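Asker: Each chain, written out:
Number of protein chains: 2
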Amino acid sequence: MGSLIYIAGFLAIIAIVYAMYLFKKVLSYSSGNDKVKEIAGYIKEGANAFLSREYRIIIIFVILGFFGLWLALSIASALAFVLGATFSGIAGLVGMKTATEANSRTATAANNHGMNEALNVAFKGGTVMGMSVVGFGLLGLIIVYLIAENLFSLDASTAIEIAAGYSLGASTIALFSRVGGGIYTKAADVGADMVGKIELDVPEDDPRNPATIADNVGDNVGDVAGMGSDLLESYVSSIIGAATIGALWFGSQGVIFVLIIAGVGILSSILGTFFVKTGKNGNPHHSLKLGTYMSALFFVIGSFIVTYFFNIKQYDASGLSELPSNMGPFYSIIVGLAVGLFIAFISEYYTSEKYKFVKEIAKQSETGHATNIIAGIATGMQSTVFPILAIALGSLLAFEVGGLFGIGLAAVGMLGTAGMTVSVDAYGPIADNAGGIAQMSKMDDHVRKITDKLDSVGNTTAAVAKGFAIGSAALTALALFSSYAVKTGLETINLINSHVISGLVVGGMLAFLFSSMTIFSVGKAANKMIDEIRRQFRDIPGILEGNATPDYSKCVAISTDSALKEMLAPALLAIITPVVVGFVFGPAALGGLLAGTLITGIMLAIFMANSGGAWDNAKKYIEDGHHGGKGSAAHKASVTGDTVGDPLKDTSGPALNILIKLMTTVSLLLAAMF
Amino acid sequence: MGSLIYIAGFLAIIAIVYAMYLFKKVLSYSSGNDKVKEIAGYIKEGANAFLSREYRIIIIFVILGFFGLWLALSIASALAFVLGATFSGIAGLVGMKTATEANSRTATAANNHGMNEALNVAFKGGTVMGMSVVGFGLLGLIIVYLIAENLFSLDASTAIEIAAGYSLGASTIALFSRVGGGIYTKAADVGADMVGKIELDVPEDDPRNPATIADNVGDNVGDVAGMGSDLLESYVSSIIGAATIGALWFGSQGVIFVLIIAGVGILSSILGTFFVKTGKNGNPHHSLKLGTYMSALFFVIGSFIVTYFFNIKQYDASGLSELPSNMGPFYSIIVGLAVGLFIAFISEYYTSEKYKFVKEIAKQSETGHATNIIAGIATGMQSTVFPILAIALGSLLAFEVGGLFGIGLAAVGMLGTAGMTVSVDAYGPIADNAGGIAQMSKMDDHVRKITDKLDSVGNTTAAVAKGFAIGSAALTALALFSSYAVKTGLETINLINSHVISGLVVGGMLAFLFSSMTIFSVGKAANKMIDEIRRQFRDIPGILEGNATPDYSKCVAISTDSALKEMLAPALLAIITPVVVGFVFGPAALGGLLAGTLITGIMLAIFMANSGGAWDNAKKYIEDGHHGGKGSAAHKASVTGDTVGDPLKDTSGPALNILIKLMTTVSLLLAAMF
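Going down the list, the sequences are from chains A and B. Residue numbers 1 to 674, in the working numbering, belong to the letters of the first sequence in order. Residue numbers 1 to 674, in the working numbering, belong to the letters of the second sequence in order.
It should be emphasised that the hints constitute simulated quantities derived from the structure, not laboratory data. Treat the hints with care, as some may be off.
For identical chains, the list gives no copy identity; a pair is met inside one copy or between any two copies.
Taking lysine-lysine pairs in the BS3-like style, the calculated list, with each CA pair at most 30 Å apart, reads [unchecked claim]:
hint: 1; residue 1: Lys359; residue 2: Lys24
hint: 2; residue 1: Lys356; residue 2: Lys565
hint: 3; residue 1: Lys35; residue 2: Lys25
hint: 4; residue 1: Lys356; residue 2: Lys554
Because the structure is a prediction, the values reported are computed rather than measured.
Taking the hints into account, I'd like the entire structure generated from these sequences.
Answerer: Dropping the structure here:
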């Protein structure tokens, strides 16, 4: 049985090799004419500069974390932490490098060969990222586990505890990257839009706008690098969540089962990518959906076979409950996958212009900015209902068929095909960037049409990926939370206890505080950006006429500096709070705190993601010619909504998912000390 | 000892008599010239029409509730329910009747005699409401308790259970009134502003705007009648929360103690009102503050004396903990009062133009609508931090010195001087209405200056009252929640249990769903209003030039119909959910649900109240001449923020406080049946 773990490791390596192969493949496409190369060069340069400065700051925290964990726990945990941080950083870096190569090549492919070839390049670029995330994520985890088990001769449960250090490393980087990248991209985006679109009627991605390059850099450092680290974190922590309980109940068999299931997911994702292709005038949306569904199908079949042959024993239960069937783990996985798909569908329902909510927001834009905002807020709030019911029902079902282990496995099931989901998600910003490059290098209109089509599909797939990220965050946090309770030896975390309920209330508040910090940061940075853009239009004569080149680097520097400065406080809040509460008020209060942050955090994350998505698409719907189209009063109001949604959906919202898990992982690791 | 309860009842009657005396006094002032009388008549007529239609609908639910409670519990509970509903309705009605008489008299007093006389009339009108709320609230409770104890010969604990029916009746009316009144007033307000201020540059309260009368009616049915029922509910349920635990621990002595403390609060409030007067050019703010602080001082002294002489025994504890000192109850009351004052201060800090947050929102209005909204959202979110820490710390402290009883008493302490707080709060809309009448009847400018001054003070005091309402809702809900746990016999509500955690998540979602429903309702109703206003300006020639009278009654009818239709769904959600969850998923899941709604509900309530207040005052700050003043681009952006904030701070936010307590009270009453 033990040798099976090597198969899982082998599948992870396959994913990395596949990613390397695709990276070479992307590079083999034409990178376009000199103008394209020049613009792509600016973007690449800005992105690299940001990431290297960001990583230099993060490294300090990795070193601090290393010594902290060494002192508090063990050298093994500390080393696992560093490996997790490193692999998370690598996944982000690889994704971003690929994206900054693939963007110009996608634009050029659209120009020279049309839709299918452009989709091909963009999706290959996305797949490099997708495969890196799952490949590095799983590989690192297996390395840590094997070393802990064999070199340090630890039992499965203790070995997984070491592996939680790996997860913590990944989470820490993810939080910094998400917050930093999110502030970067939204400061540039909001700044560029407010001066460009609203004040001066300069269209999106126009080279006359000094913040255009910063905006495009932002797509790469926020939506690609930040998202890559984020999803590696989600992926790893879902596995840790399930494996921790698996180890407690079934020993190493439980851990190996989870790792094999993850491996099956990787294989399914690889196979799924082969289904993504489209004809000359084909519909990329269908093609991407087909790939996603095929991956899911393979994953279901594979999980069934693995569960059947593992024939996992009824656990000794320690009084909790019993698995009603040996196929319980399989059912739990299916529940997770189903909940994930359902949440994705609901996200689409609330954020797509095909359905009534976005149409209503567009209509409300006719009566002004305020009614647009009110409708968007109410839509986002209402959009929490079905995902939450699905999560609640899903976790009850998963618990019925698989106990706490089932809840953990549901999260693993939801993220099993993350290789595919991330590929589809990462393709979006590449297509978006390709559009920007096409615009800036003044390519033919038909190119922009193709990239716009690819980009709009990307918006929907991004909503799907966000749905998976939120759903899995909730289930993973629930599983980690249960593990926390077991580790602290708390048989109950009693809501009637005044410490627990105080912790709960304060935890709920933390999610609001964290959100306000990140939103304020974007606001502050965007303001600096607006001042700089206005200054350039004022001081550099001829920019607006296209006779002078704006100083792009100044805007890039503003985004970079602001993001790096502003990412520290929210990230530290997430790390330090559970430590302080745990030591000062004890494990029960900390349990309440974690549950409080979990609830309001999920709620705010769904609200923000869907409000933002709905505002964005209401604006696109109006731009498509409804309610007066571009330039109308309704359009102006819809741009306000879109801008308000930017920091919510791309900075605060996604970072909340990490916040929840990071706090729980920190608590889990230090549980024994409280 | 038992006869002391009659003293409490006597003090309640004193409050009612004092209210009646002041009502006569208000009527004795001049109601102004014919034009004033005509306009005030419109407002009175609209308000009466709405309230009588609203009450006719509510009566159906009272009858249903009566039979429901009779079947489920007992005829005694059912009758108590009807009495609670009736008294809550009376308090709202009295407040509104007084307000619609006092508004024209305040304007006329300002015109004929200046500031002091105007403050006098407005504050006397507010005091009628404040005294009615506490008088009827406490009197009804005592009647129910005495009948249950003497006629039905029940022990203290069972008698208080009957009294919980009284509280439920009050809560039900409060929820309907708050939601209905809130939708009414904000539909009119948003509609009037969006067409009047933004599209046509017609100032606030201009008689040319067809929605002006509806807007002024709204102040009376929402901010006065709705608020009156709301605070009666808060007041009664805080007493019930403490008395339930008091009865369990100390028998009838515990109940009487709580009732006497409430009586002391009433006496302190009455004494406090005598300190509210100001000179010809005096500052009404100082005068109102002085009254509030004097009430608090009397209350502290009185509570000390009562606690000292009651010398309450250490409770037998049933294993929970022991009162460390016989003065514990007094300390708990002080903690509650201090937390209330602290939250009020924080509310002011985040929503007053004297401090940096409102100034920042005003500044962000310069860069556009979107940055105004973003800053307001972030401000509201951050404003949750200190109130929540205060509530958490306060409940820990209160628990330390008084156990669960202490938490209940802290809520009673916070609302002890509600007689004064409500008087100060209700004076605001009277002054606001007086300003509207002065404007519409074209009184001299100096009158508007006086009423504006009174109104702006009212805005701050409203924020203070909201702070008290939120803080007491949190503490009361905590106390009721503990009582619920005791009643269901649940020794623990275990967060590790999958039913509890699912309940917790779903409960958290309910607060978002409830908010989205009420916000959507305002949006829908406002849209109808906007269409009607535009239609009138189009179809009735000469309105804008002031040559034709708009059809006010159409707008009044739209607000009335929408409010009555839209208030049903959210109110039913609040009542039915706990019943369904309790019966289907059991008491533990329901416990989780209540805790979940409690946390996200408080968080959203604070966020909405303070975002809304900050947007409102940022607009006023700009109108005072900053950032370009009235008519500037910054001003337009700030009007957007103010309008977005309207449904948040005056409809959804306050209704959330009631939602939390109503759900808990329903659960508490039905606890034995799950």
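Asker: Hint by hint, say whether it matches the structure.
Answerer: Hint check results:
1. In this assembly of identical chains, Lys359 and Lys24 lie within 30 Å of each other by CA distance neither inside one copy nor across copies; the values are 43 Å within and 54 Å between.
2. Taking identical chains as interchangeable, the C-alpha atoms of Lys356 and Lys565 lie at most 30 Å apart only when they sit on different chains, with a minimum of 21 Å there against 41 Å within one chain.
3. When the C-alpha separation of Lys35 and Lys25 is checked against a cutoff of 30 Å, the pair qualifies only within one copy, where the shortest distance is 23 Å, while the shortest distance between copies is 83 Å.
4. In the homo-oligomer, the alpha carbons of Lys356 and Lys554 lie at most 30 Å apart only across protomers (29 Å), although the nearest pairing inside one protomer, at 42 Å, exceeds that limit.
Hint 1 alone, counting from the list given before, is not met by this structure.
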